[in-house]
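S.K.: One-letter residues, chain by chain:
There are 2 protein chains.
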Amino acid sequence: MRATVIHGPDDIRIEEVPDPVVRHPTDAVVRVVNACICGSDLWAYRGVAARTAGQRIGHEFLGVVEAVGAEVHGFRPGDFVVAPFVWSDGTCDFCREGLHTSCPQGGFWGEVGSDGGQGEAVRVPFADGTLVQLPKDAAGEEKLLPGLLALSDVMSTGHHAAVTAGVRPGATVAVVGDGAVGLCGVLAARRIGADRIIALGRHEDRTAIARAFGATDVVAERGDAAVAAVRELTGGKGAHAVLEAVGTEESMRTAISIARDGGAVGYVGVPHGGSAGVAIGEMFDRNVSLRGGVAPARAYIPELLPDVLSGAIDPGLVFDRTVDLDGVPGGYHAMHTREALKVRIAF
Amino acid sequence: MRATVIHGPDDIRIEEVPDPVVRHPTDAVVRVVNACICGSDLWAYRGVAARTAGQRIGHEFLGVVEAVGAEVHGFRPGDFVVAPFVWSDGTCDFCREGLHTSCPQGGFWGEVGSDGGQGEAVRVPFADGTLVQLPKDAAGEEKLLPGLLALSDVMSTGHHAAVTAGVRPGATVAVVGDGAVGLCGVLAARRIGADRIIALGRHEDRTAIARAFGATDVVAERGDAAVAAVRELTGGKGAHAVLEAVGTEESMRTAISIARDGGAVGYVGVPHGGSAGVAIGEMFDRNVSLRGGVAPARAYIPELLPDVLSGAIDPGLVFDRTVDLDGVPGGYHAMHTREALKVRIAF
Chain S
1 MRATVIHGPD
11 DIRIEEVPDP
21 VVRHPTDAVV
31 RVVNACICGS
41 DLWAYRGVAA
51 RTAGQRIGHE
61 FLGVVEAVGA
71 EVHGFRPGDF
81 VVAPFVWSDG
91 TCDFCREGLH
101 TSCPQGGFWG
111 EVGSDGGQGE
121 AVRVPFADGT
131 LVQLPKDAAG
141 EEKLLPGLLA
151 LSDVMSTGHH
161 AAVTAGVRPG
171 ATVAVVGDGA
181 VGLCGVLAAR
191 RIGADRIIAL
201 GRHEDRTAIA
211 RAFGATDVVA
221 ERGDAAVAAV
231 RELTGGKGAH
241 AVLEAVGTEE
251 SMRTAISIAR
261 DGGAVGYVGV
271 PHGGSAGVAI
281 GEMFDRNVSL
291 RGGVAPARAY
301 IPELLPDVLS
311 GAIDPGLVFD
321 RTVDLDGVPG
331 GYHAMHTREA
341 LKVRIAF
Chain E
1 MRATVIHGPD
11 DIRIEEVPDP
21 VVRHPTDAVV
31 RVVNACICGS
41 DLWAYRGVAA
51 RTAGQRIGHE
61 FLGVVEAVGA
71 EVHGFRPGDF
81 VVAPFVWSDG
91 TCDFCREGLH
101 TSCPQGGFWG
111 EVGSDGGQGE
121 AVRVPFADGT
131 LVQLPKDAAG
141 EEKLLPGLLA
151 LSDVMSTGHH
161 AAVTAGVRPG
171 ATVAVVGDGA
181 VGLCGVLAAR
191 RIGADRIIAL
201 GRHEDRTAIA
211 RAFGATDVVA
221 ERGDAAVAAV
231 RELTGGKGAH
241 AVLEAVGTEE
251 SMRTAISIAR
261 DGGAVGYVGV
271 PHGGSAGVAI
281 GEMFDRNVSL
291 RGGVAPARAY
301 IPELLPDVLS
311 GAIDPGLVFD
321 RTVDLDGVPG
331 GYHAMHTREA
341 LKVRIAF
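Quick mapping for you: the protein sequence lines, in order, are chains S and E. Here the UniProt record's numbering is used: the first residue of the first sequence is 1, the next is one more, and so on. Here the UniProt record's numbering is used: the first residue of the second sequence is 1, the next is one more, and so on.
Rather than coming from a laboratory, the hints here were simulated on the basis of the structure. This one's a predicted model, so the numbers in the text were calculated from it and none came from an experiment. Please note that a few of the clues may not be correct.
[Claimed, not checked] FRET-style restraints, in silico, Cβ to Cβ:
no., chain 1, residue 1, chain 2, residue 2, range
1, S, D224, E, D285, 16 to 22 Å
2, E, D285, S, L309, 29 to 35 Å
3, E, G98, S, T248, 31 to 37 Å
4, S, G274, E, E204, 35 to 41 Å
5, E, T52, S, R211, 49 to 55 Å
[Unchecked claim] Examples of chain S residues toward chain E, derived with CB under 8 Å:
no., residue
6, L99
7, S102
8, Q105
9, G107
10, E141
11, L144
12, L233
13, T234
14, G262
15, V270
16, P271
17, G281
18, M283
19, S289
20, R291
21, G293
[Stated by the list, open to error] Output of the computed footprint for chain S on chain E, the stretches with three or more beta carbons under 8 Å from beta carbons of chain S:
no., region
22, 92-105
23, 256-268
In this text, a Cβ means the ideal position worked out from N, Cα and C, and glycines have one as well.
Based on the sequences and whatever the hints tell you, model everything.
M.R.: Below, the structure written as structure tokens:
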């Protein structure tokens, strides 16, 4: 089969790779229908995050089960499924507690020795613990696919930011970052019932999506000016819940500064740089909490799925370009240069 | 009257100062019965925290109301009261939400222009919002006074660490720091119903109190060895809730490392140094939360008071030395050299 392979910075190739097969009795093989490129893939593309030359890449996909091992009981060939961005055994303490990302047997698609999501098929370890069943007829509804695909990572990650930031009905929320995750954070906050949602972002095409997702205010400033703008919008107090969806020291500093005393920052931007942006003295004086981390998408998909199927939310709007497999290298480039917000891959 | 005054590092004096009087109609004047020296006062004593020469010091006290302003309705002369370590108006949004430490009209005893707790009397701003009524007959029960005095700061602060770390019945808890606050954190965790409480500390006289307060295990190691010891005690997983009661970069690093994936660190040690101990990448991968800050003691005292009065908890055991006002400079020295854990001042 053919799959996306990374050979180094700015060197994404589509190559012939071995067809995945059931290796362990808990494996399934999934034929990919849709995959996509993540903002976090760009860290590898830019050479900021190290990758082994020839490593597979991509961690978001949905598709059709092609084969299952003898110990897979929840899925059979022909099932339509979505995969969270990490696999997990579904049986350990952490999986049972809903923190599948800490499963000791878990792993990340594309890590050395595993298949990546941006290929024609994927071997899925611990299929019963990992995959989530989708309605079979949804596979034929082209309009639904982007939203379902978003559950794999961005929508679940935005939801994690909202949950860990403590978004509640009636809350005032601020979202730092206008990438696909930040936008999904806006949507998640709206879905939970936030009253006011302030989106921080300066790309008008993106803040337009933020408004469509429920943002009531947009702040285009950055740094101190952004802090001042959010304070002004909130009567000087700041936001009860701040969703941090960037991962830089500056964005973390901004997120903490715009949180209301006693509020929380839910951070889901993969931290790049150190902890210098974590203003611990300010957090202490104002009792601002820092929560979040890698999102246990597997725990959230069953909760979010009905709202995608019903059309109550459509996180698929974050995809503004669709390519085929051969278009993937160009898709990386388009996201890198910000020509595209998020690229979907249709097989 | 006479009060404790700080003139510089290692220069604590007892001096004649003006008698406090009701200046605003919401003021009360409290004649101090008991006060104490806080571990955080030592930062000023050691010159690490800056103070203006001649500034008053001390922020924990209980006493008898001597005079009240015309707008004080909840207290009258003769009432026995305890003061939280900050004053607050009791009417703002933050006070009503229980975050009295963020009251815009609030302040800290001993800040420039205010009375400190380590003196014969204190002018209390916003008496109705600040003071908590104690049973009058408790004033005569010498054995109760240390426990009631501890509500002013250390017990409320230990409780804040436990609450923000998410201690629940049945939880496994670790407490970093064997000072008075850490010990009160052990007591607070036990009171909430933690199943296992691991106290990190290497001073045997202090860990003995930790055991009396409910610690089930004591870890004397520090740094990496402490992390390994806690991991071994918890089946490799770490503690659901970690109470950080030191405030150094090393203690923060240890606290984060011994938290279970998905768990939380409740930090109440005043941060000294920067945020280098906040291992943001590790926190992200393992979804470890960082919560806490300056404790809203005023919110907690009403909840904790009945348990002190009934004898269900006795946080007063953290006091291992009692001095009179003239003994205060010696008390600072004794705490600085760790001859004393926490010094009570009886007037």
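S.K.: Does each hint fit the structure? Answer for all of them.
M.R.: Comparing the hints with the structure gives:
no.	hint	result
1	S:D224 - E:D285: 16 to 22 Å	violated (30 Å)
2	E:D285 - S:L309: 29 to 35 Å	holds (31 Å)
3	E:G98 - S:T248: 31 to 37 Å	holds (33 Å)
4	S:G274 - E:E204: 35 to 41 Å	holds (37 Å)
5	E:T52 - S:R211: 49 to 55 Å	holds (50 Å)
6	L99	holds (4 Å)
7	S102	holds (4 Å)
8	Q105	violated (14 Å)
9	G107	violated (13 Å)
10	E141	violated (34 Å)
11	L144	violated (30 Å)
12	L233	violated (16 Å)
13	T234	violated (12 Å)
14	G262	holds (4 Å)
15	V270	holds (7 Å)
16	P271	holds (5 Å)
17	G281	holds (5 Å)
18	M283	holds (6 Å)
19	S289	holds (4 Å)
20	R291	holds (4 Å)
21	G293	holds (4 Å)
22	92-105	holds (count 6)
23	256-268	holds (count 4)
In summary, the numbered hints that this structure violates are 1, 8, 9, 10, 11, 12 and 13.
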